[in-house]
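Engineer: Sequence:
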Amino acid sequence: MSEILTAKELKEYLMYETCVQCGHEERKYELHMSQLWKPVNQIVDELLNGVQVTTIDRLKFYQGNEAERNMRDRLQGICEVKNLPMGGKKKIYGFEGRLQGEIDGDIDNKILLEVKTVPNDDALAAATRDNTVPFRVFAQVNGYMYWGKYDRTIVIYESRGTGKLWCVDVEPDLKLQEELADKALMVLADKRVIETMKKFESARRT
Numbered sequence: 003m004s005e006i007l008t009a010k011e012l013k014e015y016l017m018y019e020t021c022v023q024c025g026h027e028e029r030k031y032e033l034h035m036s037q038l039w040k041p042v043n044q045i046v047d048e049l050l051n052g053v054q055v056t057t058i059d060r061l062k063f064y065q066g067n068e069a070e071r072n073m074r075d076r077l078q079g080i081c082e083v084k085n086l087p088m089g090g091k092k093k094i095y096g097f098e099g100r101l102q103g104e105i106d107g108d109i110d111n112k113i114l115l116e117v118k119t120v121p122n123d124d125a126l127a128a129a130t131r132d133n134t135v136p137f138r139v140f141a142q143v144n145g146y147m148y149w150g151k152y153d154r155t156i157v158i159y160e161s162r163g164t165g166k167l168w169c170v171d172v173e174p175d176l177k178l179q180e181e182l183a184d185k186a187l188m189v190l191a192d193k194r195v196i197e198t199m200k201k202f203e204s205a206r207r208t
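Residues in the sequence shown are numbered from 3 upward in steps of one, following my numbering.
Just so you know, these hints were derived from the structure itself, not from any lab. The structure presented is a predicted model; accordingly, all values stated were derived computationally and were not measured. The beta-carbon is built from N, C-alpha and C at its ideal position, and this holds for glycine as well. A hint or two may mislead.
[Unchecked claim] Calculated pairs, DSS-like style, for lysine-lysine (alpha carbon to alpha carbon, straight line, at most 30 Å): (1) LYS92 x LYS177; (2) LYS112 x LYS151; (3) LYS84 x LYS62; (4) LYS201 x LYS185; (5) LYS91 x LYS151; (6) LYS166 x LYS62; (7) LYS200 x LYS112; (8) LYS91 x LYS185; (9) LYS200 x LYS151; (10) LYS185 x LYS40; (11) LYS201 x LYS40; (12) LYS93 x LYS40.
[What the hints assert, rightly or not] For each label pair, taking beta carbons as the anchor points, the in silico distance ranges come out as: (13) LYS112 x PHE137: 36 to 44 Å; (14) ILE196 x ALA127: 20 to 28 Å; (15) LEU50 x PHE97: 17 to 25 Å; (16) VAL83 x ASN43: 41 to 49 Å; (17) PRO87 x LEU50: 34 to 42 Å; (18) ASN111 x ILE6: 50 to 58 Å; (19) ASN85 x THR56: 42 to 50 Å; (20) ASP171 x ILE6: 21 to 29 Å.
Build the full structure now, drawing on both the sequences and the hints.
Structural biologist: Encoded structure:
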């Protein structure tokens, strides 16, 4: 006889599975390009102590990742029709692997594609105010362009509530890219970060 499952138990199982499959990666001890818009001290603290992630955060990550995966599938279909080679998600590295980032995709290894989804149209309007992207996104894609050697970026925003779309071209900001590289070096040169990364690498290899 199969075990009887209550609605409460099913909800708990669903929440657990959703959190497991949310796609969130623990970034403690690893420097990511998406962090470089923050102050050096904050980045160092996150590397040493991690970032608190709640169950609600993980549920949101799941919804966002599912929407972004769907968007990548649509982009792939468009590129096939237009006979354009599209690359999928992949990691890029800087400073001999001590800095990393993960891109959503690219076109012909020249145009970076960055997909962002937001809960509703109000969030979309807030994110795209003044017809530009928030600084954290601007810095993120500039890092990707710099270390991934891309010519430019197309950022795609989608409202999960209505499906409303917004796209914008982002050109490289060479001055900002130099600043991001300098900031990454400052973080990687921190003695606490060096020692912690050594211990992390040693533990991972055993």
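Engineer: Could you tell me which of the numbered hints above are not met by this structure, giving the numbers in increasing order?
Structural biologist: Of the numbered hints, 3, 7, 13, 14, 20 do not hold.
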